[in-house]
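Protein chains: 2
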Amino acid sequence: MKRQKASSLADLSALAGVSISTVSRALADNPLVAVATRDKIKQLAREHDFQINVAARNFRLQRTGAVGVILPLGHETEQHLTDPFFMSLIASLADALADRGYDLLLSRVIPSNDQWLKAFVESGKVDGVIIVGQSDQIDVIETVAASYAPLIVWGASIPGYRQLTVGSDNFEGGRLAAQHLLSQGRKRLTFVGNPAVPEFAARFAGFNAAIAQAGVPQGAVLPSHVTAEAAYATVRTYLKEDAAPDGIVAASDVIALNALRAIADHGLRVPDDVAVVGYDDVFIAEQTTPPLTTIRQNFVLGAQMMVDLLFRRIAGEEAASVSLQPTLVLRASA
Amino acid sequence: MKRQKASSLADLSALAGVSISTVSRALADNPLVAVATRDKIKQLAREHDFQINVAARNFRLQRTGAVGVILPLGHETEQHLTDPFFMSLIASLADALADRGYDLLLSRVIPSNDQWLKAFVESGKVDGVIIVGQSDQIDVIETVAASYAPLIVWGASIPGYRQLTVGSDNFEGGRLAAQHLLSQGRKRLTFVGNPAVPEFAARFAGFNAAIAQAGVPQGAVLPSHVTAEAAYATVRTYLKEDAAPDGIVAASDVIALNALRAIADHGLRVPDDVAVVGYDDVFIAEQTTPPLTTIRQNFVLGAQMMVDLLFRRIAGEEAASVSLQPTLVLRASA
DNA sequence: ATCTTAAATGCAAACGTTTGCAAAACTTTT
DNA sequence: AAAAGTTTTGCAAACGTTTGCATTTAAGAT
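So the protein lines, in turn, are chains A and B. Going letter by letter, the first sequence gives residues 1321 to 1654 in the working numbering. Going letter by letter, the second sequence gives residues 1321 to 1654 in the working numbering.
The hints are simulated quantities; they were obtained by calculation from the structure and are not laboratory data. Please note that a few of the clues may not be correct.
It does not matter which identical chain is used: a pair holds within one copy or between any two.
[Stated by the list, open to error] No farther apart than 25 angstroms at their CA atoms in a straight line, the calculated lysine to any residue pairs in the SDA-like style are these:
#1 Lys1362 x Gln1435
#2 Lys1445 x Gln1382
#3 Lys1445 x Arg1377
#4 Lys1445 x Arg1383
#5 Lys1325 x Ser1443
#6 Lys1445 x Glu1367
#7 Lys1362 x Asp1434
#8 Lys1438 x Leu1347
#9 Lys1362 x Glu1561
#10 Lys1507 x Gly1587
#11 Lys1507 x Ala1532
#12 Lys1445 x Asp1415
#13 Lys1362 x Asp1331
#14 Lys1360 x Asn1373
#15 Lys1325 x Phe1379
#16 Lys1362 x Val1338
#17 Lys1445 x Val1374
#18 Lys1362 x Ala1439
#19 Lys1362 x Ala1330
#20 Lys1325 x Glu1462
#21 Lys1445 x Ser1427
#22 Lys1362 x Ala1348
#23 Lys1438 x Ser1328
#24 Lys1325 x Asn1433
#25 Lys1438 x Ser1344
Make a model of the complete structure from these sequences and hints.
Right under this line is the structure:
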C-alpha cells in the first residue's frame, strides 16, 4: 500500500479519477459536488497527507494571507521592539491572526521620510496592516488611512483624526494612577514621561485632572524620554534638586523600573518615602523590587479587538475605534 | 503628464512598447537586454512607481520568500515569547531577514505531539525554518533536521546530534559567572535554574567546572523553573532553610531578577551579603535594583549567524554549527 | 420512450511572473 | 551583397489554484 504524498490538486484528481475542479470544490466543501465524491476525495487527501499550496491559492485569490505588523520607531528608536508591552501585544496578535489562518509579517520601521507607510501598503505583501504605536507618525498614518481601509492602529483616538484605533483609555489610566496616590494622602505628585508621545500626553492629562479635582497643588512633570538611562537620570536629578515628591506616576513600567532604582540609589524607600505607580503591567512588573503597582492594559483583548476590526475592514464593513478600560493593579510599590 | 501607477509587467510593457519578457529581464538587470532598453524601462518603472508583485514572483519561482521563526513552548509555556532575550533575538532576526528580502513568519508552537515541526515544514509556507530554543524538543527537531536542510536552531550543539545550531557557549558562560564570584573570594555558590533545559544544563556544568577547579565545596543547584514566581519562591525558600549562599548564578536574567527580590525580601543586601550574576544581558538587566552583573549573549551577531547559515543551507551549501563566546558584563550586583 | 428539469462534473481561463527556445534585428566577415 | 555570427527581442509555457460557464449525467414528469 503506497502512500505517496500528493502535492497538488492534479495529483489528487488523478488518484480520484475526477477533474481538478471537482477536487478543489470537494476540499472547499462546495455543495456543488456530490456528497459521495466529496467524502472520497477528502479521504484520499487525508491518506496522502495532502497540503494545499497556500501560495498558489493566495495568488489565485489575489490576496496574500498575511497581515503586516509594523512598529514605527519614531522618537525612541532603541526602546520599542524590546519593550515587553509591545512584545506581549505582538504575541497576542500572532495568535489572533493564526486563528484566522493569517500570517503575521513583522516589520519594524525607522521612519526616514513620510513615504514609508505608503510604500509598505502598496508593496502588496499584505492584506492589511496593524500599526503598533503611533509614535510621532500620526499624520503619516492619517494620510494613508484616508485611502486605505484595512489599517488599524494601536494608540490614542484623537479628535479630528479618522484613523481606526484600538487603545486603552490613557486619560483614565493616568487619572486612576494619580487618584490612587492621592487617596493615600499623598500630595506632591510627579509624572515622569515624555508628553510628546501621544499616549503619554493623555496619561499626563488624566493625571492632572485627578490632581485638579483633589485640590492639591499642580504636580510637576518630568518630560523624560523612554530609554532606561534617561528615565533614571531624570528622576535622580529631580530628587537631588527638588523637594522630594511623595508619589510618582510613570508613563510606563520601564520608566517606573528606573524610577525605583533612582529612588533606591538616592537612599529613599519605596513606597514609604515615595510611592511609584507604573503603566502597562508588563510581565516584569511583578518581579521588581518592590513589585510594581501599575495600570494594566489588557493586551490580549486589545490584540483580539484589533484583529477583529481589521478583518471587518478587509471585508468592507464599517468599524469604529475602540477604547479599552485600564485597571489598577495593586502591588507593593504604591 | 499622467503618472498612473503601473501594477504589472504588462502595464509597463505596454508603456514601453516592448514585450513582457523584456521588461522582466530589464528590471532584473539581465545582460540579455540592451542597455538603452533597460534604462528606458527602469526609468518608466520609477515614474509610474511600479512595485513588482512579490506573490506572483515567488509563486513562479516556487518559493515563498518567507522564513518561519518558531518558538517551541515546551516546559515553560508562559515564559517564552515575552522573554526579553527571545524578543531581542527575534527583532534582530527580522532585520537580518529583511536585509535579504525575506519575511519573517512568526509562529509559536505548543508541542502537542511530535508531528508539529514536520507539519510546519511540509506546509510549504516557508523556505526555511529557524527554531528559537530547543526547549524539550531536541529529538523532534533532530528527526526533521535529518531530511530537511534549511533548518537552523538557536541552542546547544550536542554531541551526536546533527541539527545545525547557533548558540553561545553556555558551558563557558556558566564558568565565567562562577569564576567571577570565586575570584571575589566567595565560596558558597548556588546555581538557580532548571537543568532539564539543555542550555541551562550546560551553564550548570560550566559553573561546576569552575568550582571544581577552585577547590571549594561543590555548589548547590536549585532546579527552579523559569517562571517568575517559581524562581522567587525557590530562592526564598532556600534562603530560609539553608546556610545562606554568598553567591548566586542565575540561569537567566529573569531568574536573577527574582533572586534579587527574594534576597531583598529576606533582608539581605546585594552584593554585600549575596552576589548575583545573571545570564543573557537582556535590556532590563541594567535597570534592576541593583543593576545586574550578567553574562552577555550577543543576539545581534547570533541572529546574523543564523540567517547566514540558513541561506547557505537554502543554497545547498555546507555549513557548520557556530558557538559564540559569551562575555561577562560587570554591574553592581556582583 | 421522450422531454424537461436538476444535479454533478469538466473545460478552460485567469492571477503576474520567469525563462527556454525561437525568431528577429543588427554586425561583422567574406 | 550574401553568409555567418552576435546581440536583442518576443513567444509561449509553466507554477497550482479557483471559478464562470458549458456539458454531461441522473432524476422526474409526461
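Subject >> Structure-inconsistent hints, enumerated in ascending order >> reply: 9
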